[in-house]
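**Q** Sequence:
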Amino acid sequence: MILHLGPGSQAPGWIEDLDRLAFGDAWGPLDDTEHLWCVPAQAFARWRVVEAAGEAELLRIAVDPAYRRGGQGRALLAHCQAELERMGVTSLHLEVRVSNAPARALYEREGWVARGVRRGYYRDGEDAALYGREK
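The sequence shown: position 112 = 112 (the UniProt record's numbering), numbered continuously.
Hints should not be assumed to be uniformly reliable.
Stated by the list, open to error - Quick list of the computed label-pair ranges, beta carbon to beta carbon: (1) T33 with G132: 13 to 23 Å; (2) D17 with G116: 29 to 39 Å; (3) A78 with G125: 30 to 40 Å; (4) K135 with G24: 27 to 37 Å; (5) P12 with G125: 28 to 38 Å.
The hints are simulated quantities; they were obtained by calculation from the structure and are not laboratory data. Using N, Cα and C, we set each Cβ at its ideal position, and we do this for glycine too.
Using the sequences and the accompanying hints, generate a full structural model.
**A** Right, dumping it as C-alpha cells:
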C-alpha cells in the first residue's frame with residue numbers, strides 16, 4: 001500500500017528516522033509545493049511539484065535497509081511517476097550523488113536520462129549527476 005501526503009502535511013516519525021538514516025538529516029513538514037508518497041515503515045519519495053510548469057523534482061527517495069533489493073524503490077518510483085503524470089507533470093528532474101551507483105542504475109532502468117553534472121553540489125564536495133525524464 002502506497003500512501004500520499006500532500007502539501008503542508010507533517011510526515012510520520014518513521015519518515016524522519018529513515019531520512020536521517022539515509023541522508024544524515026531530516027527535513028521538516030512538506031511545503032506548499034511538496035508531495036510525499038510512502039510505503040509505511042519501508043520507503044518514501046519526496047517531490048517538489050510545479051504544476052503550472054508541468055515539472056517535478058525528486059528531492060529525496062529512501063528505502064529502509066531491511067527492504068532494499070526487494071523492488072520497493074522501483075515500485076515506489078513507478079507509482080510516483082504515474083501519479084505525477086495524472087497531475088499533468090510531463091518533465092521530471094533529480095540530482096543524485098555520482099557515487100550512488102545503485103540509485104543511478106535504477107533511474108536509468110526506469111527511463112531517466114543523464115543530463116550533466118553539478119560540480120561540488122553536496123556539502124562534502126561530491127558532484128551530483130543530473131537526470132531527467134520526459135513523458
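**Q** Hints broken by the structure, by number, lowest first?
**A** none
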